[in-house]
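Colleague: Each chain, letter by letter, is given below.
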Amino acid sequence: MERNTRRNFIRKLGASVGAAGLVGSGSILSSCNRVETTAGDKIKLLTSSGELVEVDKSQLSPAEMPNLTENQKRGREGMPGRSWVMVIDLSKCRNARQCMQACQNHHQLRPEQHHINVLQMQDAEHTAPYYMPKPCQHCDNPPCTKVCPVNATFKREDGIVLIDNERCIGCRFCIAACPYSARVFNWFEPRDAEKYKGVTYNIEANVPQKKGTISKCLFSADRLRDGKLPSCVSACPNGVYWFGDRNEDAVTNGTTKETVSFSQLIKDNAAYTLMEELGTKPRVYYLPPKDRAFPFEGELIEHHS
Amino acid sequence: MNTIKSPEESRKILNTICSDLTRSITRKDELTRFWFFILIMFAGVGLWGWIIQIDKGLGVTGMRDYVSWGMYIANFVFFVAVSLIGFLISSALHLLKISWSKPISRVAEQIAIAAVALAGIIIVMDMGRPDRFLNVFLHGRFASPIIWDVTVVTTYLTISVLLFYIPLIPDLALLRDRMEGKIPNWKLQLYKILSLGWKGNQKQYKLVYHAMRVLMILIIPVGLSIHTVTSWLFAATLRAGWDTTIMGPYFVAGAFVAGAAAVVIVMYVYRLRYGLKNYFEDLHFDYMGKLLVFVSLVYLYFNINEFLVPGYKMKTAEGIHLSNLFTGTYASMFWLVQVAGLILPILLMLVRYFRKPLPLTIISVFVLISSWFKRYLIVIPTLEHPFLPVQNVPDYFKHYSPTSIEVMITLFSFFAALLIISVLSKFFPVISIWEYAEEKGVDKKYFSEQPKK
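Protein chains in written order, with the numbering used here: chain A, 585 to 889; chain B, 4 to 456.
Each hint should be verified, as a subset may be incorrect.
[As the list claims (entries may be wrong)] In silico DSS-like cross-links for lysine-lysine, where the CA-CA straight-line distance does not exceed 27 Å: (1) K195(B) to K209(B); (2) K105(B) to K795(A); (3) K293(B) to K359(B); (4) K105(B) to K448(B); (5) K447(B) to K105(B); (6) K448(B) to K206(B); (7) K443(B) to K206(B); (8) K795(A) to K59(B); (9) K105(B) to K195(B); (10) K779(A) to K59(B); (11) K318(B) to K865(A); (12) K779(A) to K628(A); (13) K781(A) to K641(A); (14) K781(A) to K202(B); (15) K202(B) to K185(B).
[Claimed, not checked] Among the chain B residues that face chain A by a calculated CB cut under 8 Å, a handful are: (16) G62; (17) G65; (18) G131; (19) F136; (20) H142; (21) P392; (22) P405.
Treat the hints as calculated values from the structure; they're not laboratory data.
Everything numeric in this text was worked out from a predicted model, so none of it was measured.
Think of the CB as a built atom: it goes at the ideal place given N, C-alpha and C, for glycine as much as any other residue.
Put together the whole structure using the sequences plus the hints.
Modeller: Next up, the structure:
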């Protein structure tokens, strides 16, 4: 994989213009957004963390970026033969919120928009509270895609529930249908709308975000295509997330990079899915918050405020 | 039907009916102008609000990621509800051969057309990307209840317009023949075109009767579907308060309540404004009052089912939703709607006095306002309580309150609906002249006679 760094770099520069990808990726350049060209041999690039860096122009060549139609087609089909799953180990989560931050950078979200949200949970009155990161559950029986009138949100072959922001009409029926409150809406011009004006839309990252349309977690489908783990998974400092392919029966920990058997992991730890009684068949598995690595330090917020 | 009258008597009756029922068309005074000025101005202000919303985004509303449907959707449901009265009065009652409702059917159709047209517009105004409206047709997925709704709403609008227009053709011919000199020439030309060369022979009447019958039967499944499907927009989700099998009939019953109240109000206004005391008689109000009691009782029955059964069990999510309605944030609105909009009207209207025109109209105003707030209570509280806690968002995400832009756009819908009804009443008789005259014993052959100058 490392042999083709240069080609990879160029491809990423194109495919993820505007995408963050800084966290967890080796090269700063791979996540740069082109902002302006200077007259000299150097070019200024803006990283996702807002740093302005200079790169020699000779290092750059035109990006081979799939056009919008191609990107939409590819994004709709998904990655053949894959079946993505996520395992979230609740005993490890200490509310560091690195996942939320990386996600918001990657998907150009406003501070109040969450593709992944770390919730403070308490299941019953006297039970122990815990932190629960909550991404989209990528249900196998998704209530959201069922109700979409224009097929703007859909289930891919590889299990990901994706959104085409170029088609979404903004009816918000999917928000009403989702029991996990996983979906957000662009009520205003999206964050940095000016900066990313004219950048080709990438369906697999939902960037640039489009005003008046829905957005939500998409397991960083663009990063998966590049052979990387989702932003949140890579960003976690505490080993909360495991991500992988159910067909391969392998999941990799985003922090330790350790790869284990998916079925063994969920079996050994009595994994469960959220609100399975609703029949949504989530692809996100939770390992119960027992033997917690960190004490719960949050203030308990009432459940249904 | 009254007994056949002599030719002189027939002509006299017909002339009186004609002059009474065309008063709404010929009358031109300051009040009319003022009324239209008000309607157009407020509708215009509302449209301006929509332009702001398109420019800035739906964020100008009070809606956010959790309460993502607000006043617009409540208003949409309200208008769909009101429109259903067209189906009840001009189809169901006709097919049951209930004759007292005949003079009311055109009022009911006016309301139906205005309400369903506005329902369609409101839903576009609620869209984040109204510019992509055509996607609904280009990429429509028939598995989505929204597509069902679009289908039945447009079908219902079409049938309602036809059900308004076809019985109107003989009237248009009457106007064409009798109104020369009394109305501007362009209006006369309009009647001439719209009356499609009506001559008033047996064959033509037969066609009209046949078409009306077909439409009346067609509108039954469409009418029932339009509100049932609208209820499924909610019932098809997993949310507490919406996830109930009763939604279809519950919405249909509620729709009849709202629509009957709207008809009473419009009837009263016409009666007062156009001097139609002998046409919208006390008897009609009395019967409408009884009809309103009946549909309200059915609605009350569904309400009891809707709230008592889950209230008895108080399952976690349902329990939170219900305590919010019964004793929480929405308690005052909830009880006002149930008491002032349902229970009290039923009790009052059981007494004959309250079925007289003025008292019944006042009650109907309360019923209609309550039914708007009822839709608000159906849409919003449920969304404020999702299954998972609402955290890490600003406080105003947690509770919904409509903004001035939303109020403006909602007011637009009211004024635009009134504008449609007013325009219809200024162009076409508010009661079917030929049907009414026939009811009074005037033979059809007199309709096509030119009046003596």
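Colleague: Which hint numbers does the structure go against, in order from smallest to largest?
Modeller: 2, 14, 17 and 22
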